[in-house]
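Asker: Residue-level listing of the chains:
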Amino acid sequence: MKENVKKKKGRDWLFSYLWSAPSLLLIGLIVVFPILYTAYISLTNMSVYHWFDYSIIGLSNYARALFVFDSGFLGALLATILWTAVNMVIQLVLAFVLASLLNIQKLRLRKLYKTLLMFPWAMPGYVSILLWKTGMFNTQFGLLNQWMEKLGHQAVRWLSSDVSAFICCTVVNIWLALPFMLMIMDGAMQSIDKSYYESATLDGATWLERTRYITVPSIRPIIAPAVIITVFTTFKQFDVIYLLTQQMGAKTGSGLHTILTYAYENAFITNNYGYSSAISIIIFVLLILFSIRYQSPEEGSA
Amino acid sequence: MKRTLAIVLALTMLLSLAACGGGKIQTDPNRLVIWHDKEDAVIEALSAYLEEALPGVEVVFEKKTSLTDSLKLVGNDPNSAPDLFIFAHDKIGVFAEMGILSPITGLLDEGVLEDYLDMTLEAASYKGTLYQLPLYFETLMFMYNRRYMQDEEVPATTDELLAYMQANTGRGRYGFVEQHSTAYYSAAWIHGFGGSIIDSAGEPFTEPEAVKEALRYHLQFVELMPGETEYATVNTLFLEGKADATIGGPWMVPSARAAEIDLGIAPMPVVDATGMALAPYSGVQGIHVLKFAAENKAEAVKVLLDALTDPQVGVSMALASGCAPANSKCYEDPAVADDALVQAMRETAQIAVPMPNIPEMDVMWTVTSNLLTDVNLSGKDVDSAFDEALKEARNLIANMK
Amino acid sequence: MSRKKLREGLGLTALNLLFILICFVTLIPILYALSVSLNASNRLLSSDFSFIPKSFTLDNYLAVFTGEDILTWLKNSIFLAGATVALSLLVAIPAAYCFSRRRFPGRRLILRWLVLLNSFPAILSMFAVYRLLRPLGLINHRLGLLIIYTGTMAVFSLWNMKGYFDTIPVDIEEAAQIDGAGPVQVVTKIVLPLARPSIIVTALMVLIYVWNEYIYATTFMTGEENYTLAAGLYALQATEMSGSWPVFAAAAITVSVPVLIIFFLCQKYMTSGLTAGGVKG
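As they're listed, the protein sequences go chains A, B and C. Heads up: the first sequence at position 161 corresponds to 161 in the numbering used here, and the numbers run straight through without jumps. Heads up: the second sequence at position 272 corresponds to 272 in the numbering used here, and the numbers run straight through without jumps. Heads up: the third sequence at position 254 corresponds to 254 in the numbering used here, and the numbers run straight through without jumps.
Because the hints were derived from the structure by calculation, they are not lab data.
Derived lysine-lysine pairs resembling PhoX-like cross-links, with alpha carbons at most 20 Å apart:
| no. | chain 1 | residue 1 | chain 2 | residue 2 |
| --- | --- | --- | --- | --- |
| 1 | A | K106 | C | K268 |
| 2 | A | K194 | C | K268 |
| 3 | A | K150 | B | K242 |
| 4 | C | K5 | A | K106 |
| 5 | B | K302 | B | K291 |
| 6 | B | K391 | B | K380 |
Restraint ranges, calculated between C-beta atoms of paired labels, are given here:
| no. | chain 1 | residue 1 | chain 2 | residue 2 | range |
| --- | --- | --- | --- | --- | --- |
| 7 | A | R212 | C | E225 | 52 to 60 Å |
| 8 | C | L90 | B | G106 | 50 to 58 Å |
| 9 | A | E209 | C | R3 | 23 to 31 Å |
| 10 | C | A86 | A | S218 | 28 to 36 Å |
Listing some non-contacts, in silico: residues in chain C with all C-beta distances to chain A over 10 Å:
| no. | residue |
| --- | --- |
| 11 | R3 |
| 12 | A40 |
| 13 | F65 |
| 14 | T66 |
| 15 | R142 |
| 16 | A176 |
| 17 | A181 |
| 18 | V186 |
| 19 | I190 |
| 20 | L192 |
| 21 | G223 |
| 22 | E224 |
The beta carbon of each residue, even a glycine, is placed where N, CA and C say it ideally should be.
Same shape as in the complex, but just chain A:
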């Protein structure tokens, strides 16, 4: 069998590319081209003052961009790493536990629970964030403070200090992201052959052992792509933090910044596209450097 595969190899690769061409073409247009274009713009002086007549000015935008990478940026970078780590861990653990519980055989209402738990996903992100901001966290009429008052506590300004804003943003982000993770985990768990569990149970394996030796290894390769993509999505999360704490005209006073919100306030608002592009490219390179560490585990399975 294997020899057969080898013989065909030479002829096959052209077919493989042909079959993949539409997908790769679209990715090239919508994902790769903007990056190359941004890299090109980062070498020009395109700004409000040179909108049509911009010209290539070399690396001076990068030289200037390095000034943005001050202590504020470093803090934002650390916050971003912490943010990504905290969010991923909580998300994975919660999704795993919930998916395991949902897969208990005799749970009849499983479908209903699953659908209800998907609700946060069914709403456009900014709607949910607005709902949280005004409905939950608002100091005057937010539900949280209404409950605090009923319990006889002082009203809390949830979003105005760094730590509490971080926690609130994390809660909202997990609320938004959990349905996806749960769905992926659940789908992966359902693909495990039930007979493994049956024989393991016969052998006297406990739930913990079954989880450790059957569930986790079985779902790992299936969920790996989704998890990796979620790590990146979390890393570059902008909406949750920006809309909850920094939206124009609705700043809450917290100093929480991720690298993206930091870059937004310190570069993107200048309308200097050359300069902002340089910053985007630098952040992108940083992201790649970080992600090289994430590469190894899935590479093994590929």
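On the provided structure of chain A, position chains B and C as indicated by the hints.
Answerer: Showing chains B and C alone in chain A's frame:
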């Protein structure tokens, strides 16, 4: 194999089809597309008037969310950009520097602007060139709920306001609320102390002491207001009768009337220390002409602009949604003269400062808001927060070029 | 035996209670929106908020359906979401299959770089995408959005399905090949049914992305009649002067319901063909 080919072929066909289909240039010289992001009532009044006044020109109003971002994207590409757009005057500098706006003086008959309020023309000019035909303007006003604040209680000075707040704030009620930590609202206070956020040459915070004085003084007021600065909070507190007075724009009036509030409008209080009234920013909404349209559809554009200078336009907009017209002739109309809201805004226009329309202002919104939240909400020291903001402002402005 | 049953029953009840609690906690913001949208008195500050509105009204939902072009937006959303899902699957399934089953030069490199490139912060992509679509005349054209959406989700689709294909044992396919099935038949008759959960997850993901996307939709489309639901809703709340909380809440709930129905209907197909077919790896 066959399927792959089919897919590739289908995709190519789709793309080329679209390329042909969407490639037509809108060159009908009598069709004008206008982007806007205004309330329906204003646009209905406008288009009803234009339909009658200009039977030969087809005017199409298209509502566009995030209008300025889209314009930055499409520039004056005749395929995707409109011919004209209605927006506040504060982006004129950005679009003029980008080179997509046409000056409008050449498109207007001489003398038609004589009756326009000076403030609106000042707002519509950038570097000495007029880029906008003003339609109406908005300013913040002092509003109060007569159920809680009697007419004779209305504070004439800021100290009186503070005293009123101290006496009437507590147990979930507020004597006065405003969006205290946003640049747009606090500009009134900064101006009242003789300071400014940015001058016409692009220099930020030209009177540092005045700004700091305003921040320190204003802090006493902030302490008596909710720890939140967003529109929804302030608006809801006032509309639900939990706040006696507020500083707000004309856009609050329809909802206040709907909530059956006996709304009073008063002049802005005077700062005791300087003798100057709180002077809010004004926003002048007007129509801008894109270069492509000015060059290729000059006749239609001229006819349109000419029609829009008729006082009747301002009158019908004022009656439809309580806008304050830019043309002073409109105020002679008896129905407009009776409208307390419109008249109050015209009064405020005497002291209001047009929002700066230079491109540098774009970054000052963020810098000033950060300064305000630092001082008002995070409790940072005024002097050091100010120095930091000034440095930040200079840095960002330098990075714009 | 009966004691075991009793214990099982108790455990099941506890589990159900736990899930009811979890669902309730998760749904608090949504229940809040629901209550606001159904409440006639229209006050947010009343300190005695309850999840069951005191005076019930459907006026806000009526306002959503009569006041705005919501049916047009719904039509646009359904069209775009349907087309994007179809196109995404059409291009991603063959690609994912090739990347999973075949070995060819550049395969690893492409896989590794795709996920990295996909992590580029999209804030500045807008401009480049505009430059790309303008010469094609695809600005203010649904086809433009279709291409953007499919392209944006293409990396995810490819990766997600490729990952699942990897877990399907090759032996099944080889057995079928020996029985005389051609490559296309192998994919459509054997691999696709087995990979159903992953295909449905991918389709749902694409669907939800399109359903909820508003930035491209508001920037590239002009005129309210061309908006999608998410874009229209965004426009509604952006003009805060006319924005009324109860109507907004009603609109938010309305937008979510179709997605939930689709999700509920899809669940039945999400169990893997692997267990159903009884083929072991």
